[in-house]
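Here the protein sequences line up with chains A and B, keeping their order.
Sequence positions in the first sequence follow the numbering used here and run 1 to 123.
Sequence positions in the second sequence follow the numbering used here and run 1 to 165.
No lab work stands behind these hints: they were computed from the structure.
Where a beta carbon is used, it is the ideal one built from N, C-alpha and C, also for glycine.
Heads up, some of the hints might be wrong.
[Claimed, not checked] Simulated restraints, written as ranges between beta carbons of each label pair: (1) A:Asn38 / B:Ile159: 45 to 53 Å; (2) B:Trp91 / A:Asn38: 55 to 63 Å; (3) B:Thr113 / A:Trp94: 37 to 45 Å.
Residue-level listing of the chains:
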Amino acid sequence: MGLGAYYDNYILVLIFMLLGVALPVVSLTFGRFVRPKNPYAEKITTYESGIQPEGDAQVRYHVAYYIVALEFIIFDVETVFLIPWAVTLDQLGWVGLNLMLIFIAILALGLAYSWKKKVLEWN
Amino acid sequence: MTGQMIFFIIFALIAITGAVLIIALKRISHRVVSMAFSFMAVAALYFLLGAEFIGIIQIMVYVGAITILFVFGMMMTDHRNFSFGPDPRKWQQALSFVGVATLLGLMLYGISTLDMHESTQPFVGSVEAIGLELYGHYFIAFLGSAFLLTSALIGAIVIARKEAD
Numbered sequence: 001m002g003l004g005a006y007y008d009n010y011i012l013v014l015i016f017m018l019l020g021v022a023l024p025v026v027s028l029t030f031g032r033f034v035r036p037k038n039p040y041a042e043k044i045t046t047y048e049s050g051i052q053p054e055g056d057a058q059v060r061y062h063v064a065y066y067i068v069a070l071e072f073i074i075f076d077v078e079t080v081f082l083i084p085w086a087v088t089l090d091q092l093g094w095v096g097l098n099l100m101l102i103f104i105a106i107l108a109l110g111l112a113y114s115w116k117k118k119v120l121e122w123n
Numbered sequence: 001m002t003g004q005m006i007f008f009i010i011f012a013l014i015a016i017t018g019a020v021l022i023i024a025l026k027r028i029s030h031r032v033v034s035m036a037f038s039f040m041a042v043a044a045l046y047f048l049l050g051a052e053f054i055g056i057i058q059i060m061v062y063v064g065a066i067t068i069l070f071v072f073g074m075m076m077t078d079h080r081n082f083s084f085g086p087d088p089r090k091w092q093q094a095l096s097f098v099g100v101a102t103l104l105g106l107m108l109y110g111i112s113t114l115d116m117h118e119s120t121q122p123f124v125g126s127v128e129a130i131g132l133e134l135y136g137h138y139f140i141a142f143l144g145s146a147f148l149l150t151s152a153l154i155g156a157i158v159i160a161r162k163e164a165d
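Chain A extracted, bound-state conformation:
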């Protein structure tokens, strides 16, 4: 497949990207002309499930969330490594299988550590 045909495939992606951008822009602009505009203090306050909004929206969260996010990234990257491995496994053979098992074992070490240190528990 030449690069020209490759780029032709992405014209469809471009069309969908433009559609995705156009949808909110067009609907919000159209809505601006159609909807009545009558703001008052109660209406423009922040919506907080129907109760009076309290404090600030930008409160500080506990650091435990960060560990969960980091753990997510590490296993996200592991998935990324698994894709080319799974595609070529028939050519890599047993060596490839063992290689990936070692990789997962090293990553599992980190998970085991976080499990043992109870950072994944909430209280």
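Based on the hints, put chain B in the right spot on chain A.
Coordinates of chain B only, in the frame set by chain A:
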């Protein structure tokens, strides 16, 4: 000018503008958004090069995960009472200029000595080719990345536990 060139310039401009705005914008939440834009433009450049897999990974890991990690970091820090004003130390500015200039020189040298011969067969980077190289030729680097990821996790746990106590 070919269509490829036009799209390259568009995406390169988005990437550079996003990167500049990361350090130029005042609010940290705006900086994170501009970082996501920059990452997306870089992903588009990968697609332009025919490296589809790398482009998808860029979106998945960088836009989807790294940016979210920055948002998490933002949620956990007292970023509004912390100013990012420039440090008015002259020698620091001079040193950082020397560092950036050296990096630019090295990169220009690397690019100019690169053997970019015209390929007769256009190559579209496939997952299979990456897999064979990564798990054949470069398996030590692959296992090294496992150690890197694990040490990052363990390091973060050690720091976070100290903070939480």
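Checked hints:
1. A:Asn38 / B:Ile159: 45 to 53 Å: Since asparagine 38 of chain A and isoleucine 159 of chain B have Cβ atoms about 51 Å apart, the given range 45 to 53 Å holds.
2. B:Trp91 / A:Asn38: 55 to 63 Å: holds (59 Å)
3. B:Thr113 / A:Trp94: 37 to 45 Å: Holds - the Cβ-Cβ distance for threonine 113 of chain B and tryptophan 94 of chain A, about 40 Å, lies within 37 to 45 Å.
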